[in-house]
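Input sequences plus hints: build the corresponding full structure.
Chains as they are written, first to last, in the working numbering: chain A, 818 to 1099; chain B, 216 to 336.
The reader is advised that the hints may include incorrect statements.
[As the list claims (entries may be wrong)] To list a few chain A residues with every Cβ distance to chain B over 10 Å, as calculated:
hint	residue
1	S904
2	Q923
3	T936
4	L952
5	V1002
6	L1009
7	V1020
8	A1037
9	P1041
10	V1042
11	N1063
12	L1083
[Claimed, not checked] List of simulated lysine-lysine pairs, BS3-like, C-alpha gap at most 25 Å:
hint	chain 1	residue 1	chain 2	residue 2
13	A	K1085	A	K1066
14	A	K999	A	K1028
15	A	K1085	A	K1073
16	A	K1028	B	K301
17	A	K873	A	K1066
18	A	K1028	A	K1073
19	A	K1085	B	K301
20	A	K999	B	K301
21	A	K928	A	K1049
Because the hints were derived from the structure by calculation, they are not lab data.
Even glycine gets a Cβ: it sits at the ideal position worked out from N, Cα and C.
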Amino acid sequence: MCDTCGCNVTDANRNLIEAGGKHAKTEAGNEAVEVLQNLLHENNHRAAHNREHFDKHQVLAINLMSSPGSGKTALLEATIDALKNSSEALSIAVIEGDLETENDAQRIRDKHIPAIQITTGSACHLDAYIVHDALHELSLEGLDIVFIENVGNLVCPASFDLGHHLNVTLLSVTEGDDKPAKYPVMFRASNLILLTKSDLLAVLDDFDVTKAEENIRNLANPAPVFQLSARKNSVLEDHGMEAWINWLKQQIQHYKSHLESGETVLPKIQTEGQTLHEARVV
Amino acid sequence: MHELSVCQSIITQVTQIAHENDALAVTKVIVQIGPLSGIEAPLLEHAFPIASAGSIAQDAVLETQTLAIRVRCNICGNENEAPVNKLLCSACGSWQTSLLSGDEMLLKSIELEKSEEQAHV
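In structure tokens, the structure reads:
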């Protein structure tokens, strides 16, 4: 996407590019060809295609990322329940990524929500090709949101554009408040961070919510940080689901207003490139 | 461990460019990897021979260039280098900064071997 407009040319590499011609000769007499394409050019191309597909149906696609066991599927189950009780009905579907088993998709289907299970074998992340294949099996008609539950992993999923619009990262409080400092690529890319299993904060003396948030700000990320307990949440007692559902509704509005002005929403990891691009146009 | 899939993507792009330029072989592949790209240069270098085996780039050397993380402060306009998990302004200490460099994952250039006659065309 960025190989023609030059927005991937940063202040730090511009001099390297300007130093040599497009087809300069090397000392050994070989021909050097400037390329300046993203290393994941092919993936990004496919991702853009996926995003067009979502946009055509006005479906917001959210990439859910976290370490294994932080409660992505539990969050989705609780979200489905909360939406059923919500005044404003939202229609959702789920694409589940795991190394093996249909377990997670089955948990979603048990709640009468369409779910496509992707088993990646040994691959540690989803990519745009895998999501593209899943989209062939999923009708987007009448949907508001598709959640893509990525493979549980705080490293690799952050580097791959799936064609989604927003990144939501879960950090369960049992994992420790220093995870954003340890996995900066992931937490820098998040549009929202959910501190899950927040009911356990009462019995954990080593997770400091303020410190977790500070570690996220240290990555220059202004994303909101919500506390949430999917297990404890109920109609009678709110444990963060209300704020999460409201955020989702806001994002749908935000997304649709972008679509109305002929734009899409790009996942956060790409916005810096966009900014640079705009800066260069000016 | 997604460096192998990144390498496979590199080989796909490199092969295409080599064919467009009627090259006999690819001798060098130069990539730029920022510390915030999520890609580890040593792992990429280990994965490269596996991904390139049997391709037009099978004898190519992979050169990785790492660029420092630089941020510009949105509050005071200062520019400074920063460590990977503290993208803060060194002048006023604020976290509201924009990344100038350090998240690159770029196929910068490749070097091609061409036949004698092509080289003189």
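Checked hints:
Every beta carbon of chain B lies more than 10 Å from that of S904/A, the smallest distance being close to 36 Å; the non-interface claim holds. With 10 Å as the threshold on Cβ separation, the claim that Q923/A sits away from chain B holds: the shortest Cβ distance comes to roughly 27 Å. Distance check on T936/A: its Cβ is at least 17 Å (rounded) from any Cβ of chain B, clearing the 10 Å threshold; non-interface status holds. No beta-carbon of chain B is positioned within 10 Å of the beta-carbon of L952/A; the least distance is around 20 Å.
Not every beta carbon of chain B lies more than 10 Å from that of V1002/A, the smallest distance being close to 4 Å; the non-interface claim is violated. The beta carbon of L1009/A sits about 17 Å from the closest Cβ of chain B, which is more than 10 Å, so the claim that it is off the interface holds. No beta-carbon of chain B is positioned within 10 Å of the beta-carbon of V1020/A; the least distance is around 28 Å. A Cβ of chain B approaches the Cβ of A1037/A within 10 Å, the least distance being about 4 Å, so the stated non-interface status is violated.
With 10 Å as the threshold on Cβ separation, the claim that P1041/A sits away from chain B holds: the shortest Cβ distance comes to roughly 15 Å. At the 10 Å boundary, the C-beta of V1042/A stays outside the reach of chain B, the nearest C-beta of that chain being 13 Å off. Against the 10 Å criterion, N1063/A stays outside the reach of chain B, whose nearest CB is about 25 Å from its own CB. The beta carbon of L1083/A is kept farther than 10 Å from every beta carbon of chain B, the shortest such distance being approximately 14 Å.
In summary, the hint linking K1085/A to K1066/A is supported, as the alpha carbons are separated by about 18 Å, within the 25 Å threshold. Distance check on the hinted pair: K999/A and K1028/A sit about 13 Å apart at the alpha-carbon level, within 25 Å; holds. Using a Cα cut-off of 25 Å, the hinted pair K1085/A and K1073/A holds, with the two alpha carbons roughly 17 Å apart. For the suggested pair K1028/A and K301/B, the alpha carbons sit about 13 Å apart, so the restraint of at most 25 Å is met.
Of the pairs offered as hints, the one joining K873/A and K1066/A holds, with about 19 Å between alpha carbons and a cut-off of 25 Å not exceeded. A threshold of 25 Å between alpha carbons decides the hint, and for K1028/A with K1073/A the separation of about 34 Å lies outside it, so the pair is violated. Restraint check: the Cα-Cα separation between K1085/A and K301/B comes to about 18 Å, which is no more than 25 Å; the hinted pair holds. With a CA separation close to 11 Å, the supplied pair K999/A and K301/B stays within the 25 Å bound.
Straight-line distance between C-alpha atoms of K928/A and K1049/A comes to about 18 Å, which keeps the hinted pair within the 25 Å bound.
When each numbered hint is compared with the structure, violations occur for hints 5, 8, 18.
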